[in-house]
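Colleague: Residues per chain are reported as follows:
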Amino acid sequence: MKVAVLSFAHVHAAAYLTLLRDLPGVEVIGSDPDSALNALAAPGETRGRAFAEGHGVPYVDTYEEAFAWGPDAVIVCSENARHRPLVELAAAHRVDVLCEKPLATTVADGEAMVAACRAAGVRLAVAFPVRFSPAYAAVKRAVAAGDTGRVLTVSGANNGHMPTRTRRWFADPELAGGGALMDHTVHIADLLDDLFAARAVEVYAQTNNLLYEGEVTAETSGLVTVVYDNGTVATIDCSWSHPRSHPAWGGLELTLVGEHATLEMDAFDQKVHGHSERHGRALELSFGVDLDAAMLRAFLYGPGADGMEVADGAGGLRTLRIVAAGYASARTGVPVAVAG
Amino acid sequence: MPPLHIGLLGAGGIARAHLPGWLELGARVSVHTQDGSAEKLAAEYAARGHDITAVPALDDLLAPCRAVDICTPTPTHKDLARAAIAAGRHVVCEKPLALTVADAEDIAAAADAAGVRLHPAHVVRYFPAYAAMRDAVVRGELGPLAVLRFTRGGARPQWAPWFADPAQSGGVIMDLMVHDIDIARWVAGDVVRVHAQTRGIEHATGAPADVVTATAVLTHASGAVSHVSGLWGLPDQQFRTTFRIAGADGLLRHDSTAVPGFRITAQGERAANEGIPSSPMTESPYLTELREFAASWDDPAVRPRVSARDGIEAVRVARAAVESSRTGRAVELTPAPTAGHAAPAPADPAQHAGHAGPADNEESAR
Numbered sequence: 000m001k002v003a004v005l006s007f008a009h010v011h012a013a014a015y016l017t018l019l020r021d022l023p024g025v026e027v028i029g030s031d032p033d034s035a036l037n038a039l040a041a042p043g044e045t046r047g048r049a050f051a052e053g054h055g056v057p058y059v060d061t062y063e064e065a066f067a068w069g070p071d072a073v074i075v076c077s078e079n080a081r082h083r084p085l086v087e088l089a090a091a092h093r094v095d096v097l098c099e100k101p102l103a104t105t106v107a108d109g110e111a112m113v114a115a116c117r118a119a120g121v122r123l124a125v126a127f128p129v130r131f132s133p134a135y136a137a138v139k140r141a142v143a144a145g146d147t148g149r150v151l152t153v154s155g156a157n158n159g160h161m162p163t164r165t166r167r168w169f170a171d172p173e174l175a176g177g178g179a180l181m182d183h184t185v186h187i188a189d190l191l192d193d194l195f196a197a198r199a200v201e202v203y204a205q206t207n208n209l210l211y212e213g214e215v216t217a218e219t220s221g222l223v224t225v226v227y228d229n230g231t232v233a234t235i236d237c238s239w240s241h242p243r244s245h246p247a248w249g250g251l252e253l254t255l256v257g258e259h260a261t262l263e264m265d266a267f268d269q270k271v272h273g274h275s276e277r278h279g280r281a282l283e284l285s286f287g288v289d290l291d292a293a294m295l296r297a298f299l300y301g302p303g304a305d306g307m308e309v310a311d312g313a314g315g316l317r318t319l320r321i322v323a324a325g326y327a328s329a330r331t332g333v334p335v336a337v338a339g
Numbered sequence: 000m001p002p003l004h005i006g007l008l009g010a011g012g013i014a015r016a017h018l019p020g021w022l023e024l025g026a027r028v029s030v031h032t033q034d035g036s037a038e039k040l041a042a043e044y045a046a047r048g049h050d051i052t053a054v055p056a057l058d059d060l061l062a063p064c065r066a067v068d069i070c071t072p073t074p075t076h077k078d079l080a081r082a083a084i085a086a087g088r089h090v091v092c093e094k095p096l097a098l099t100v101a102d103a104e105d106i107a108a109a110a111d112a113a114g115v116r117l118h119p120a121h122v123v124r125y126f127p128a129y130a131a132m133r134d135a136v137v138r139g140e141l142g143p144l145a146v147l148r149f150t151r152g153g154a155r156p157q158w159a160p161w162f163a164d165p166a167q168s169g170g171v172i173m174d175l176m177v178h179d180i181d182i183a184r185w186v187a188g189d190v191v192r193v194h195a196q197t198r199g200i201e202h203a204t205g206a207p208a209d210v211v212t213a214t215a216v217l218t219h220a221s222g223a224v225s226h227v228s229g230l231w232g233l234p235d236q237q238f239r240t241t242f243r244i245a246g247a248d249g250l251l252r253h254d255s256t257a258v259p260g261f262r263i264t265a266q267g268e269r270a271a272n273e274g275i276p277s278s279p280m281t282e283s284p285y286l287t288e289l290r291e292f293a294a295s296w297d298d299p300a301v302r303p304r305v306s307a308r309d310g311i312e313a314v315r316v317a318r319a320a321v322e323s324s325r326t327g328r329a330v331e332l333t334p335a336p337t338a339g340h341a342a343p344a345p346a347d348p349a350q351h352a353g354h355a356g357p358a359d360n361e362e363s364a365r
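As you go down the protein sequences, you meet chains C and D in turn.
Counting in numbering that gives the first Met the number 0, the first sequence tops out at residue 339, every number present.
Counting in numbering that gives the first Met the number 0, the second sequence tops out at residue 365, every number present.
Incorrect hints may appear among the rest.
Distance condition first, Cα-Cα at most 20 Å in a straight line; then the derived SDA-like pairs of lysine to any residue [to be verified]:
id: 1; chain 1: C; residue 1: K270; chain 2: D; residue 2: V258
id: 2; chain 1: C; residue 1: K1; chain 2: C; residue 2: D60
id: 3; chain 1: C; residue 1: K270; chain 2: D; residue 2: H253
id: 4; chain 1: C; residue 1: K1; chain 2: C; residue 2: V121
id: 5; chain 1: C; residue 1: K270; chain 2: D; residue 2: A62
id: 6; chain 1: C; residue 1: K270; chain 2: D; residue 2: D254
id: 7; chain 1: D; residue 1: K39; chain 2: D; residue 2: R65
id: 8; chain 1: C; residue 1: K1; chain 2: C; residue 2: R20
id: 9; chain 1: D; residue 1: K39; chain 2: D; residue 2: G11
id: 10; chain 1: C; residue 1: K1; chain 2: C; residue 2: A80
id: 11; chain 1: C; residue 1: K270; chain 2: D; residue 2: G11
id: 12; chain 1: C; residue 1: K139; chain 2: C; residue 2: P302
id: 13; chain 1: C; residue 1: K270; chain 2: C; residue 2: V59
id: 14; chain 1: C; residue 1: K1; chain 2: C; residue 2: T45
Just so you know, the hints here were simulated from the structure itself, not pulled from any lab data.
Note that the structure is a prediction, hence the values are computed from the model and not measured.
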């Protein structure tokens with residue numbers, strides 16, 4: 000199985016290169032030609048050939064060479080606004096594609112990508128690794144079995160570092176499509192898209208940039224309330240409110256209040272905690288399942304024992320519509336209907 | 000100096016939380032109810048040697064006391080407060096101050112006109128973890144606040160039927176979420192926009208109790224945003240409150256169930272509420288609260304951390320949340336001009352007393 004990683008713009012590119020390099024039976028190459036255009040690079044931001052070689056992965060100079068190599072699948076890790084041309088390129092070459100989240104920065108781009116892949120008969124998957132969390136699987140089992148009854152409310156938090164230290168474009172509204180609201184709403188929106196056979200009908204969002212004010216123009220905090228057509232209401236804290244000096248990048252937590260049970264999950268709480276005198280700060284040793292690895296295996300080989308599928312393009316588009324409604328609501332201060 | 004004389008109205012759960020505080024402060028307590036429960040409460044405490052008497056008529060309670068402590072169902076607050084104010088007594092009033100902004104303002108205006116103090120009992124401001132968090136915010140420890148989250152949940156109140164009737168309690172938003180609405184205002188300043196949704200069954204007295212839960216997003220004048228959620232849950236829902244406060248320079252988080260100080264990890268086959276008794280790890284927040292209120296009656300320099308205006312604003316924001324939940328719209332708010340604390344004022348030194356460490360109290364604010 001041959002897999003090409005297209006662009007190293009996204010912070011996850013490193014993990015994908017390493018995981019694919021170590022997967023038996025997988026050959027991986029990388030290509031990152033647009034990195035030369037990257038005027039926004041943070042100091043010390045490594046891209047291109049040096050990045051691939053640093054991760055022990057062969058490199059090609061152009062996307063054309065990458066497709067000429069004959070990959071069975073590609074992974075698109077470009078900036079959010081640059082997903083569309085690479086996904087369309089994959090469709091044109093009839094190669095299955097896993098696209099980083101969010102699917103795109105505009106609903107129009109997302110629709111075009113879904114249409115292009117459908118027309119070409121290629122699989123479009125979207126990189127939502129948290130649905131592979133065993134904690135989420137436990138939530139899903141409980142809801143599916145009826146143990147919770149009707150789910151009344153969901154409180155979710157996907158907080159993290161502002162990711163600009165390694166990749167500055169994350170807070171550039173042109174390339175990222177926004178800030179924290181664009182970056183972090185979609186993970187929980189994807190879980191709820193998978194959990195409920197329900198569509199989001201209305202979104203209310205409030206944002207600010209009081210975190211990193213003056214440093215970035217994008218919103219760095221946001222609360223997003225989503226009403227679904229099954230009556231469930233979810234409120235998502237999508238803020239980049241995890242301090243930079245914290246040893247962990249952030250996390251993802253959900254509380255579900257059902258008629259018959261209340262459940263909580265934390266996708267990243269399985270850690271040994273301590274304190275390092277050497278580093279002068281708290282020490283955290285994560286021992287949870289590698290969600291990226293589970294997602295890549297499901298993308299390449301199909302669902303594992305838990306039956307979890309990779310999110311598809313249509314699902315990625317649904318979560319993007321929630322984000323788009325969220326931005327409209329944050330601008331106007333009123334709830335906004337979800338289009339589509 | 001004669002002992003402090005307090006007129007306690009009500010003998011239910013919250014009166015039982017306040018009473019030990021008054022007794023600890025050396026108060027003589029007269030208690031009055033209309034259903035005979037005052038006599039039972041007075042007899043129970045008098046038998047332990049406390050200075051407490053049940054009085055059969057409201058006027059008999061008002062005549063000798065210095066202040067009245069209203070621990071009755073919310074719809075009765077206004078008439079009882081007006082009676083106490085008319086008698087020239089200071090008033091401590093359980094939250095919410097009233098079910099409507101107009102009633103809350105009416106009580107406050109009457110107290111102002113009569114020159115007596117009105118203390119809405121927003122006790123969470125006296126819970127040590129919340130006070131410590133707010134002190135840190137006021138010190139600037141977190142920098143400008145950006146996003147705050149508060150949760151409060153427990154088993155649905157079954158001990159008194161009026162809680163289940165939104166017409167009387169105001170429902171989960173007015174009765175429970177109002178605690179954290181007040182804290183959000185206290186910490187991040189006035190609220191200018193509210194959006195809320197309520198799910199579950201508000202009118203419920205069934206067995207087992209139905210779940211009702213509400214979620215609200217508050218936008219503060221500073222631009223900070225708060226997520227507040229309240230849950231009247233299943234019978235086995237452990238009472239729990241949490242907060243997470245994020246600012247440009249740091250983060251504070253608290254989970255009341257994570258830091259009990261003391262845990263019973265096994266005691267044979269006895270149920271959780273039998274056997275080894277647990278004891279509070281810190282002073283009762285109700286005692287801290289009542290001490291601060293009472294101190295302000297003798298010393299005008301003592302300004303309790305919760306004002307009459309705070310009680311009104313909590314009702315205003317909670318009403319807006321109820322309205323938003325009903326209409327599905329966001330509600331814009333203009334706080335009363337005198338309310339203008341866009342940011343928390345420096346903490347009153349009185350609030351630093353007796354806060355030794357993280358704790359929750361058995362008599363948690365519900």
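Colleague: For each hint given before, does the structure comply? Return the numbers of the non-compliant ones in rising order.
Modeller: 5, 7, 10, 11, 13, 14
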